[in-house]
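S.K.: Start from the sequences and build out the full structure, keeping to the hints where you can.
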Amino acid sequence: MRLLLAVLAMLAFGGPVYAVQPNEVMKDPVLEQRARGISAGLRCMVCQNQSIDDSDAQLARDLRLLVRERLAAGDSDQQVRDFLVQRYGEFVLLKPTFRAHTLLLWLAPLLVLVLGGIGAVVALKRRPAARTALDEDERQRLEALLKQD
Amino acid sequence: MLVEAGHFALALALGLSLIQFVVPLWGARANDPVLMSVAPSSALAVLGCVGFAFLALTFAYLTSDFSVLNVVENSHSTKPLIYKISGVWGNHEGSMLLWVLILCLFGAVVALARNSIPMRLQANTLAVQAAVTVAFLLFILMTSNPFRRLIPAAAEGQDLNPLLQDPGLAIHPPLLYIGYVGFSISFAFACAALIDGRIDAVWARIVRPWTLAAWCFLTLGIAMGSYWAYYELGWGGWWFWDPVENASLMPWLAGTALLHSTVVMEKRDALKVWTILLAILTFSLSLLGTFLVRSGVLTSVHSFAVDPARGTFILGILMIFIGGSLALFAWRAPLLQQGGLFAPISREGALVVNNLFLASACATVFIGTLYPLALEVLTGEKISVGAPFFNATFLPLVLPLLLLLPFGQTLAWKRGNFLGTAQRLYTIFGLAILAVLITLALTRGGPVLAPFGIGLGVYLVLGSLNEIVTRSWSRGKPLSVAWAKATGLPRSTWGTVIAHAGVGLVVLGISATAWDVESLGTLKPGERIGAGPYELRLERIVPRQEANYREDAALFRVFRNGQELGTVESMKRLYVTRGMPTTEAGILTSGLTQIYVSLGEVQPDGAMGVRLYYKPLVLLIWIGAVVMALGGALSLTDRRLRIAAPSRAKASPPVASVPAE
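From first to last, the protein sequence lines stand for chains V and Y. Under this note's numbering, residues 1 to 149 are what the first sequence spells out, in order. Under this note's numbering, residues 1001 to 1661 are what the second sequence spells out, in order.
Derived by calculation from the structure, the hints in this document are not laboratory data. Yeah, the Cβ is synthetic: ideal placement off N, Cα and C, and Gly gets one too. Please note that a few of the clues may not be correct.
[Unchecked claim] Stretches of chain Y that chain V covers, calculated by requiring three or more beta carbons in the stretch to come under 8 Å of a beta carbon on chain V:
hint, segment
1, 1211-1217
2, 1383-1389
3, 1392-1400
[Claimed, not checked] Below, a list of computed lysine to any residue pairs in the SDA-like style, where the Cα atoms sit at most 20 Å apart:
hint, chain 1, residue 1, chain 2, residue 2
4, Y, Lys1414, V, Leu124
5, Y, Lys1382, V, Lys27
6, V, Lys125, Y, Ala1343
7, V, Lys27, Y, Gly1530
8, Y, Lys1414, V, Ala120
9, Y, Lys1382, V, Phe91
10, Y, Lys1477, Y, Thr1487
11, V, Lys125, Y, Asp1269
12, V, Lys27, Y, Gly1521
13, Y, Lys1524, V, Glu24
14, V, Lys125, Y, Arg1268
15, Y, Lys1382, V, Arg87
16, V, Lys125, Y, Trp1413
17, Y, Lys1382, V, Phe83
18, V, Lys27, Y, Leu1520
19, Y, Lys1382, V, Ala100
20, V, Lys125, Y, Leu1336
21, Y, Lys1382, V, Gly89
22, Y, Lys1382, V, Arg99
23, Y, Lys1382, V, Gln21
24, Y, Lys1079, Y, Ile1171
25, Y, Lys1382, V, Met45
26, V, Lys125, Y, Val1353
27, V, Lys125, Y, Pro1344
28, Y, Lys1414, V, Val121
29, Y, Lys1382, V, Leu84
30, V, Lys125, Y, Val1273
31, Y, Lys1382, V, Thr102
32, Y, Lys1382, V, Glu90
33, Y, Lys1524, V, Val121
34, Y, Lys1414, Y, Lys1524
35, V, Lys27, Y, Gly1609
36, V, Lys125, Y, Leu1341
37, Y, Lys1382, V, Gln86
38, V, Lys125, Y, Lys1414
39, Y, Lys1414, V, Glu90
40, V, Lys125, Y, Ile1345
M.R.: Here it is, written out as structure tokens:
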């Protein structure tokens, strides 16, 4: 999947550097948990669609440390994210914000479902309704057939 | 010499597929059986030529012919034999050749099934299939020729990307391509039906096995790719919502929808127009996947090389086929007669809902994958759409679908009874809630929703199996009668039940990831690290020298509650030719649970960085997928599908064709 990226990261930075290193882990397990949560939603910008939590790249490591630094300084999760967006742009967020230019993106799933549902209902309604009773002509033919026996 | 012969065979195949494209189409129009009969024979000839070309390239790899550019770039004389063979498609040119080979293989099978398919339909289908072949052969010959020579020849090759030197490469791409390309047959049949302006239940009966077979292979291919990424990448993830993964997921979702709508069409002669459209869309998404992966629009290992000429060419193919087929659809679909009426609450209705949700899920993946590209082109703004987006949008669409699944499966055709159906599932609801409670009692931590995921999985597995029970067992009758009835049920019923139970297993496996435990540490020999109930002790680190790499292998002893379970080995490798390091995770499987250990950096004090994962029930994710594919395969052996081949059944000895039931 993202093998090449891992490869590129290794080529670019010498040896394999791994996602979260033992020496990066914060002492406070609650803060560390929050750091992992934030990291999973931040993109490693030199990678392909990989979070900094998963990435081996040096940049991801720097960002992980930065996130932890901000948390240790007392920032809230949102403040940490805002700080990174300010620095690196919206590209850093793996989950795009809900704004004008992402409106279509976020609403598309619901839109497709609703429009599809309406389409299906209309298409099924438009067909002639199922007839349960025989009309006069059919009844006469049936009687004629029954009389033949 | 053989290499030039292979090149020539490709050119010949191009000419032959042009004939296969034009002549039968004309024959079907003029109602001339002689012209129409050109289709099967030319399809076989094309397969012969492409097969020969493929063998010629394989031979160049086997003999390490370093006068061929493609071999130089992707092989090495010391590479193990299996990777010399699988390396043939471990690169752009070779993988496109494999793509076309499979395309021709499917064409040839349609050609051989001449007794079970009406002649006009077969001629038109093979003509459409040939059009696809022409396009991709042109693509190979003009932009991606694997037979290009290198003069003067190189003394040694540059080796295959080490991450691809894995048995996964021998299995994953062929399976995936059989799935991708298999949908070309449904596509060709759909176009043929549109060209002819005629479509009925017989069409659905003929097409369904092809769709089902392609779907089974695609399911296996995706599962295999996921497992490969899981054990090779070293961070224990199995699905990343990577664009390349999405590229294979989209045709799978559309194909799953197609599979279900074809059932409605076959049984009830309804949803014809929609089924045709789905057949077109499914293969269009396969083409789109090929474009995304091959063009280098997305840079990843699957792209191998980035070349704008190739991207443009495939984009052209994409536009011609998708645009062409949709135009054909818009023009001819109104001619198709609608049939088969049904009430909203019925099996048909449930399958419409199934299609609605699957199509919406597919659209979500489509938009999420392409939106960043489109936005950047249109406004220059760069955004990322990653796993958190898909988890937030895809899952809510899949959840109702899963909840409704056992309902739909239980509803009667034409006119169903919602309350009656719910009554039949009461016990299953109860058992699912019990499963949630037991999970809550037994586990600590993990997201709140995880126990409900377990409940959903149990509900799906039991709800699917419930169909067998309700159809065979009744109160007061001896079990032997129930058994006889159960074994007498059609295989397609069993196939449905098993495939749906497989979905439940996948849900169980995914839910259980909530209780994964991850441990990081630095270890010296003799020291221990723990995760969940397991503990690992680093025994020693052994350096080794192999043919094309050298490695440091760390040997761990695994304990569970103090008891030794065995040993597991994790490696750090350096592939000498490319100077590229890789890691090989050490995995110990205990039941459905895995212990996963990968190595990190060596610390300044000489201790080894270690990542350890405890992954309870993780194997269910892939086992579930395999069970789904097995269900599909079982359905393929159903007598109902074989009835589509009446004359062949007559010709074969009766003993062989009598089903077990």
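S.K.: Sort out which numbered hints this structure fails and list those numbers smallest first.
M.R.: Violated: hints 1, 5, 23, 33, 34, 39.
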